[in-house]
Amino acid sequence: MSDKIFPMPDKAIIDFAAKVGTPFHIYDESRIRNTVENIQKAFAWNDGFINYFAVKALPNVNIVRLLGSLGFGADCSSLPELIIAEQAGIPGERIMFTSNDTPDEEFRKAYELGAILNLDDITHIEAVERAIGTFPEVISFRFNPGPERTGNAIIGNPVEAKYGVTRNQLFDCYRIAKAKGAKRFMLHTMVASNELDASYIVETARMLFTLVNEIRENTGITIERVDLGGGVGIPYRPEDDPISFDYLGNEIHKLYDELIGYPLKVSFEMGRAVTGPSGYLVSRVRHVTHKYKDYVGLDATMADLMRPAMYGAYHHITVPGKDNLPHDHKYDVTGSLCENNDKFAVDRMLPELERGDLVIIHDTGAHGHSMGFNYNGKLRHAEYLLRTDGSIARIRRAETVEDYLRTQLDKPEIIS
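Using our numbering, the letters of the sequence shown map in sequence onto residues 1 to 416.
If you are wondering where the hints come from, they were derived from the structure by calculation, not from laboratory data. Wrong hints could be hidden among the right ones.
[Said to hold, decoys possible] Straight line, CA to CA, 35 Å or less: simulated DSBU-like cross-link-like pairs of lysine-lysine:
(1) Lys56 x Lys178
(2) Lys109 x Lys56
(3) Lys411 x Lys19
(4) Lys291 x Lys322
(5) Lys178 x Lys265
[Claimed, not checked] Cβ-Cβ distance ranges computed for the label pairs, FRET-style:
(6) Gln87 x Asp240: 54 to 60 Å
(7) Ala44 x Gln408: 47 to 53 Å
(8) Arg206 x Ala44: 52 to 58 Å
(9) Glu148 x Tyr292: 18 to 24 Å
(10) Tyr295 x Pro103: 40 to 46 Å
Quick reminder that beta carbons are idealized off the backbone N, C-alpha and C, glycines included.
Please construct the entire structure, taking both the sequences and the accompanying hints into account.
This is the structure we're talking about:
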């Protein structure tokens, strides 16, 4: 079971929302810090362990800077994400650059920062050399196990995935990279997303530890670090149990002792598991309507949180000041987009709601604000950080109409 408790008293969040306006995201710094500490403690047995925080989960420089100060790195997949890591003060090899269909300028930026280049395809070996004019001394390859593993529901079947190097290509990748001057080598995979079965993550470690030995036997190359990817899930539903980082660390430690005979560094690129449960989307009821069903219309839309509409994902909803009342009303909780799938919940049992009530949507600290968009001219909302001393800092201002229109020229510019 997982508790769905907002980290502020009802009156405090009601008053704050009245002061700043809704919708907005707010993140709990204390919970983020506690999660980081638990992950680092669970893998303290591995000298050199690091979690490269998946910046795509929450691309806010203030959050990435906080995580960097606690010893985490950054997993980046684009030029803006690299710049966020740079601005957050995360140095060199504490950045892992994992992308696909990558433009030359992004390879160059990653190389200039001293980031580890994690290549997605055998053809990217030449692409990197062309882009930077040399070949990096440190290189990693993303392994796609194909039929060896079954991906989970979100990430899909590895055979159908556009990501990664096949087993048949992998050994050649390392041989070619070594011939081009690479001196240090790493191995990466990503085969799950939001996985709550710890044994799946452990078996991923088994697969990579076994593969490390095969690479050594077949090529003479010693892999310095394995990155087990992300994919560690969070309990979106109250009845779900979270993965125990201690259990995960202990089980992977056993495999390490069984299969690895040299100092191999272990990494993850967890994003969702780090910040997901620490984020909340706060919104207000605009309308309660009664048609063939009962609808609660919020001032937030799927432009603020896409996951329920995109994946049918569950996000728990609580109502400050009313959550102790009977949950005896069935609602579809919706936004105002001109799309019928603009729904945060379908047939959700909640206390009776009325215009002006505040609503908190839980577990939005990963792939929430970051997946936002501007359809129907919706503006991106503000982000706040509930600090450890109880104060609240704004870490991203809300977008304005002027921001939205800024890239549209007053007068069409003739290009050709």
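Any of the earlier hints contradicted here, and which numbers? Numbers 3, 6, 8, 9, in rising order.
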